[in-house]
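Take a look at the letters that make up each chain.
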Amino acid sequence: MGLREVLLAVFAFGALAFALAVVSTRNTVYAALEFVAHLLCLAALYCLLDAPLLGVLQVMVYAGAIMVLFLFAVMMLDIQETGRESAFQGPGQVAGALLLAALLFALLVFGADRFPAAALAPAAAPGAPGVGADNVVRVARALFERGALVFEAVGVLLLTAVVAVMVMAKRRLEN
Amino acid sequence: MNLALPLPEYGVLGLALVVLLYDLVVPERVSRRALGWVCALGFAGVLALLLRSDAPQVAPVPTAFGGMYVADGLALAFKTLIVAAAMLASLASLDYLEARGVRWQGEYYLLLTLVTFALMCLVSAGDLLTLYVALELNSIGFYALVAVLKGRSLTSSEAGLKYLILGALSSALLLYGISLLYGLSGTVSLAGLAAWAAGAARSPALVVALALVAAGLAFKMSLVPFHMWAPDVYQAAPTPVTAFLSVAGKTAALALLVRVLDAALGGFIGVWDKLLMVLMAATFVWANLGALKQRDAKRLMAYSSVAQAGYLAIGVAAGSALGLQAALFYALVYVFTNVAAFQVLQLVAESGGPELSGLRGLGRRSPGLALILAAAVLSLAGIPPFGGFFGKFYLFAAGVREGIVAGRSWLLALVGLAVVMSIVSLFYYLILVKQMYIEPADPEAPGTGGPVAVPLGARLVLGVCAAMILWTGLYPSPILAWIRQALF
Amino acid sequence: MNPLLVVLFLPLATAVFNRLFGARLGKGAAAGLACASVLVAFAFAADSVLGLAALPAASRQVLVHVYDLLDLASFRVGFDLLLDPLSGMMILVVTGIGFLIHLYAVGYMHEEDAGEYARFFAYVNFFVFSMLTLVLAANFLVIFTGWELVGVSSYLLIGFYRGKTSAADAGKKAFIVNRVGDFGFLMAIFLIWNAFGSLDFSAVLPHAAALSPGMATAVGLLLFMGAAGKSAQGPLHVWLPDAMEGPTPVSALIHAATMVTAGVFLVARCHAIFELSPLALGVVAWTGALTAFLAATVAMVQVDIKRVWAYSTVSQLGYMVLGVGVGAYTAGLFHLLTHAFFKALLFLAAGSVMHALHGELDMRRMGGLWRKMPLTCATMIVGAACLAGVPLTSGFFSKDEILLMALRGPHADFGLWLLGYLGAACTAFYSGRLIFSVFFGKPRDHHAYEHAHESPWVMGLPLVLLAVGSLAVGLLGLPGFLTHWQPFTDWLAPVFADLKAVPEASASRALVLGLMALYTGTVAVLGWIAWRLYTGEAAAHPADGEATSALHRLLWNKYFFDEAYGFVFVRALLGYSRWLWRWVDQGLVDGTVNGVAAAAQAAGDFLRGRVHNGRTRQYAAYLAAGACLLLGLALIYHR
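Protein chains in written order, with numbering that gives the first Met the number 0: chain S, 0 to 174; chain V, 0 to 487; chain X, 0 to 638.
Calculated directly from the structure, the hints in this document are not laboratory data.
Cβ atoms here follow ideal geometry from the backbone N, Cα and C, with glycine treated the same way.
Be careful, since some hints might not be right.
[Unchecked claim] Once the Cα atoms are required to be at most 30 Å apart in a straight line, the calculated DSBU-like pairs of lysine-lysine come out as: (1) X:LYS163 <-> V:LYS433; (2) X:LYS163 <-> V:LYS292; (3) V:LYS433 <-> X:LYS26.
[To be verified] The calculated label-pair distances, taken between Cβ atoms and stated as ranges, are: (4) V:ALA171 <-> X:LEU278: 49 to 57 Å; (5) S:PHE109 <-> V:PRO61: 41 to 49 Å; (6) V:LEU473 <-> S:LEU15: 55 to 63 Å; (7) V:LEU40 <-> S:GLN92: 45 to 53 Å; (8) X:LEU474 <-> V:GLY406: 51 to 59 Å; (9) S:PHE109 <-> V:ALA412: 23 to 31 Å; (10) X:LEU474 <-> V:ALA412: 51 to 59 Å; (11) X:PHE20 <-> V:GLY449: 17 to 25 Å; (12) S:LEU68 <-> V:ALA171: 20 to 28 Å; (13) X:ASN193 <-> S:ALA100: 40 to 48 Å.
[To be verified] Non-contacting residues of chain V with respect to chain S, defined by C-beta distances greater than 12 Å in every case (computed): (14) VAL17; (15) TYR21; (16) ARG28; (17) SER30; (18) LEU40; (19) LEU48; (20) ARG294; (21) LEU370; (22) VAL404; (23) LEU416; (24) GLU438; (25) PRO450; (26) ALA452; (27) TRP470; (28) TYR474; (29) ILE478.
Build out the structure end to end from the sequences listed, making use of the hints.
Here it is, written out as C-alpha cells:
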C-alpha cells in the first residue's frame, strides 16, 4: 500500500467524519465550519485522483466563496442552536436506525467490493491522459460544448433554488 | 450542433423571464392573478409548437450538445403531456391562489415555469448528467411549490420540508447508482450505455447499481415502499400543485423509466425487471388497500395515484413496443383524468372542506361537477366508455402478450394481480361516487346549500379534461396514431 | 344509414337528452320520449331482423362497421356490429320487452318528482343502449365494453333511490361481484388476442379449433367466469337478490329479462371454444345444475316476494346455463326467451302488488288479494304457471327441452338431470306458495287489504301483453314429436351450423312422453301441497328468523353465502386495510396531517422541530429499508 492509498483513505474517512459532524452539531456556525472541512477533504480526494483542476475549483468555489456566503448568512440571520431534544425517541429507534444503516452500508460495500477490474479499462482509453493545462482545456470544452445545456440548466437550478429558499425560509422576515 | 432543436425549452424559459420581469415591474399592491393567464397562454403557445412538430421517423434521431439532448418522438410526446399539464395547472391556480391571498404568487408562477422547463429537459435527457441535473432542478422547484401555502397552512410547509429531505435521500441513492454505472461502463451517455449493456457481463457491482437506480426512479414514480412522501405531500400541497405533481411529475418519471431502464439498460432486463415487479406488486396491494379507509379526498386520490403509477410501470416492465405505446396512452389519459378529479375536489373543498363528506349531495347541487368527477374516477377505475378503460386494456394486454411471447410467467402473474387490484380499486372510487349521489347532504354543514361556484379558469380546465376523457374512451384511434408515430 | 345504428343510438340519444334537459321538460314529455325511442328502436330492430330473414339461411350475417376504435400496428379493432339470428333474437327481446317495461314504469314511477323521473328514464334508456351494444357486438372488445356498460347502468339503477343506504350498498355489491367475473372475461380476451392476433368474432370463432386443448379449456373457463358473474351463477350469484333494492321495473328489465342472460348469450356466442373443451363444458353444466337446484331451494323459504323471484331468476338462469353446458344451445336460448317474458311479467306483477300495498313486500301480510286486483292476479298466475312448468305453457316446453338434453344430449349426465328435476319440483312449490299466499286465503293484514287497489292501465297493459306473450312464445318451440314446424330451432340453425348432428333422435317418443308425465305429476302434487299449506287460516309461515329446522335455517340464510364472503373477503380486506391505516399510516407513520385540528396541535411541536422530524425519519427509514430490500433481492437473485 503506497502513500497515495494511505492518503486516499485518510481523506475519505475525513470527509465522512466531517459530514457526520455537520449533521450532528447543533451550533450552526460550527456546522458550517465542519462543512468547509468536509469540502476540503473532497478537494484533496480529487487531486489524488488526478483531477487537480476539479480540486482547485472545489476549494475556490465551494470551500471559498459559497461557504463564506453561507457563514455570512448564518451570522446575519442570527440562527443560534436548533432543538435540544434528542433526535431519537428511545433506544429502540437508535438501534433500528443503526441496524438499517449498517445493513445498507454492508450491501453497498458488498456490491462495490466485487467491482470487476476489467471494467475500468475503457474509461481512460479515449483521448490522452489529462494532466496540467490539458485538463483545463478539456473541462472548458466539456462545459461550453457538450455541457452547455447542462451548464445553463444549472444556472436555472440556482435561480430556482434562490426563489425556493425565499419561499420556504423567509418566515422570520415576513412577520 | 443544432442549437434550434430545444425550441420548446427556450419558449418555456422565455416565459419564465416574462413572469420574472412582470413580477419585478408591476407594483406590489397589484394582484398577480393575471400571471396565471400569462402562463396559461405561454404554455398554450408552446403546446401548439409541440403539436405542430413531427416526430422524427428515421433512425438517427436529432440530438444537440453532443448527444446530451435528444429530440426523439418519445421526448416530444411526453413534453406535450407535460406542457398540457402545466397549462391546466396555471388555469387551476389563478383563483385558488387569489382566494387564499397567497403572498408568493409571482414566485409561484415562476417556479411553475421553471419546473416545467426541468421536466422537459428531463424527458429529453440523452445523458445521465443532463438527467440528474434536470431531476434536481424539478425537485427543488417542487419542494417550494408544495410549501407555497406557508403561513396559511402549517402542513404545507411541513410537507415541503419532508419532500425535500426524502427527495435528497433518494437522489443520493440514484447518484450512487449512476456513479457505479459510470465506473463500470466508462460512459454517462444513455446511447453509450445501451451499446455497452448489449455485451457487458453481470457483476455484483452492476446489480447494486441497477438496484440503486431502480430505487431512485421508484421514488420519483412513487412506487411502494418509496411512496411514503406521496400521501402527505399530496394532501398538504396546494391542490393545483398536487394535480401538477401527480400528473407531470409522474409522467416525466415514466419517461425516465423508459429511457433509463428500457432503452439504455434494456440489455439487463432480466436483472431489473424482477426488482421493478416486486415494487409494482407491493404498490398494487399497498396503495389499493390503503386507499379504502381514507377520509380525506386528496389523501384518497394520493393513494390512487400511487396505484396508477404501478399500472403505468407495467408498460416499462413489459419492455415491448406495445407496452411503451400502452404506457404512453395511459399516461395521456391519466393526465387529463387526474387533473379533472383534483380540479373538482379543489372547487368542492372551497365550500365543503377537504373531507370526503364535503362531496355529499354534490349530484344535486352541481350536477355538472359531480358528473365530471364521476367520469374521472370511473375512468381511473377502468370502466368504459372512458379513456381509462382503453388505457388499462392496452397495458394489461401488452403485459399478457409479452408474458406469453417471451415466456415471462412473472409478468403474467403481475398483470393478474393488477387486474384483481383494479377491481379492489373500484371500492374506493365508488366511495366518491356514493358520496356525491347517494349520501344525503347534511343540512347543518356549512357551504353545502347552493351550487359550487366555478370560476372561468376552472371551467376551461374541466372542459378540456372532460372532452379528453371522453375522446380517449370513445375514439382513441387518432390519439393512438399520434402515439405510434411518436414512438415509431 | 343502416337501421341498426338507429336501434343502437336512439336510446343513447334520448338518455343523454333526458339526463340533461328531462327535468325541465316535465314528466309527460320525458317519459314519452323515452318510451317512443325504445318503440322506434323496436320497429327498426324488427325491420332489420325481417331483412335478415329474407336472406338465404347460410348468409344471415350482417356486419356494420361504425368506426375504428383502435389501430395499433399489429392490431386493429373497430366499433363493429354483427346482426345474425342470435343477436337478432336478442335485440327483439331487449327492445320489445324493454318497451313494455318502459310503459309500465310510466305508471310505477309516477310519484317521483320530475327530475328523478327524467333521471330514471335516462338511466333505463342508457341500459337499453348498453345491452344492445353487448348483444350486437362483432368483436370481443365491443362486447366487453357493452358488458361493462350494462354493469354501470345496473349500478346506477339499483342505487336509484337516493338516501337509501341499503340500495347503494346493493349497487356496489352488484358492480364489484360483476367485476370479479369480468376479471375472467378480460383475461380470456387477452389470451384470445394472443392466440389469434385479432378480437373479431369472424377471425376467432370459426378458427377456434386452432387452440390447443389446454388453452381452449383456460379460455373457456375464464369466459365462463365472466358469464357466471353476469348471469349470477353460484358462487357469484350473491349480488342478484340484493339488486332487488332498485325500482321494480329495473328488476324486471335488467335483473330478470335481459342483462342477467348476457352470460348465457356469451357462452352461446362462443360455443365454438367451449365445444373444444369437455372440461369447460362440464364446469358450465354442473354450475348451472347446482345453481338451478340450490337457488330454487332458497326461494322456497323467502317471504319477500321480490326476493322469491330473485332467487327464482338465479335458479332459472341455472337452467339456461345447464342447457348451454350440455351442448343444447338452442334449448338454453329458448328458455332465455320464454323466461324473459314470464319473469318480466312476474316482477311487474309483484311491483303492481307492491304498488297497491304501498311498498309492502312481505307475503305473510298479504292474502286474498285476488278480489282487489283481479288483473294482476290473473296475469301473475299465468306467469307463475309458466315458471312452474304447468303443461302447455311456454316454461313447460323450454324447461322440458333442457332436461331432456341433460338426460340424452351430447354431454348428458344423469346427475345433471336429477338436479334439474329436483329444482323443477322446488320451483313448482315456491311458485304455488307465493301465488296462494298473496292472492288466496284470508287477508292477514286487514288495514293493508282495505287500501289495496288495482293498478292504472299503463301498468296493467304491459301485464296483459306480457301474459299473452308468455303463453304464445311457447308455440315457437313445440316439442319435435308434435310438429315439424320449429321456427325457433330453424332460426338459430345457421348460428350453430358448426355443431355435429342434432341429437334429437336419441330420445324415443316414449321417453319424452314419460318425462312429460313425470313433470306434470310433480307439478300437480307440489302445487297441491302448497295450496294446502298456504291458503288456510294459519298459513305455514314461520316468523322472521324463527327457523323450524336446521334445514330451514340453512335455506333461510341462503346457505350462508353472504356470511362466508363477508368473513373471508370483505372482513379480511377491511381488516388489513384498517390495520394498515391505524398502525402504519396513523400510528407508525403519520396521521396527524389527517385533520386540521391535529395539525394545529402539532404545529408547536413542528416549530421546535421534534415530532414531525421524527416522522420524516420514519419515512427515511422506510426508504432505506426499501433500498436494502431491493439490493438484497437483486444480490440474492443474481449471485
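Structure-based check of all given hints:
{"no.": "1", "hint": "X:LYS163 <-> V:LYS433", "result": "holds, 11 Å"}
{"no.": "2", "hint": "X:LYS163 <-> V:LYS292", "result": "holds, 22 Å"}
{"no.": "3", "hint": "V:LYS433 <-> X:LYS26", "result": "holds, 26 Å"}
{"no.": "4", "hint": "V:ALA171 <-> X:LEU278: 49 to 57 Å", "result": "holds, 55 Å"}
{"no.": "5", "hint": "S:PHE109 <-> V:PRO61: 41 to 49 Å", "result": "holds, 42 Å"}
{"no.": "6", "hint": "V:LEU473 <-> S:LEU15: 55 to 63 Å", "result": "holds, 60 Å"}
{"no.": "7", "hint": "V:LEU40 <-> S:GLN92: 45 to 53 Å", "result": "holds, 52 Å"}
{"no.": "8", "hint": "X:LEU474 <-> V:GLY406: 51 to 59 Å", "result": "holds, 56 Å"}
{"no.": "9", "hint": "S:PHE109 <-> V:ALA412: 23 to 31 Å", "result": "holds, 29 Å"}
{"no.": "10", "hint": "X:LEU474 <-> V:ALA412: 51 to 59 Å", "result": "holds, 53 Å"}
{"no.": "11", "hint": "X:PHE20 <-> V:GLY449: 17 to 25 Å", "result": "holds, 21 Å"}
{"no.": "12", "hint": "S:LEU68 <-> V:ALA171: 20 to 28 Å", "result": "holds, 24 Å"}
{"no.": "13", "hint": "X:ASN193 <-> S:ALA100: 40 to 48 Å", "result": "holds, 47 Å"}
{"no.": "14", "hint": "VAL17", "result": "holds, 14 Å"}
{"no.": "15", "hint": "TYR21", "result": "holds, 14 Å"}
{"no.": "16", "hint": "ARG28", "result": "holds, 17 Å"}
{"no.": "17", "hint": "SER30", "result": "holds, 18 Å"}
{"no.": "18", "hint": "LEU40", "result": "holds, 21 Å"}
{"no.": "19", "hint": "LEU48", "result": "holds, 18 Å"}
{"no.": "20", "hint": "ARG294", "result": "holds, 27 Å"}
{"no.": "21", "hint": "LEU370", "result": "holds, 37 Å"}
{"no.": "22", "hint": "VAL404", "result": "holds, 32 Å"}
{"no.": "23", "hint": "LEU416", "result": "holds, 27 Å"}
{"no.": "24", "hint": "GLU438", "result": "holds, 39 Å"}
{"no.": "25", "hint": "PRO450", "result": "holds, 34 Å"}
{"no.": "26", "hint": "ALA452", "result": "holds, 28 Å"}
{"no.": "27", "hint": "TRP470", "result": "holds, 35 Å"}
{"no.": "28", "hint": "TYR474", "result": "holds, 38 Å"}
{"no.": "29", "hint": "ILE478", "result": "holds, 30 Å"}
Checked against the numbered hints above, the structure breaks none of them.
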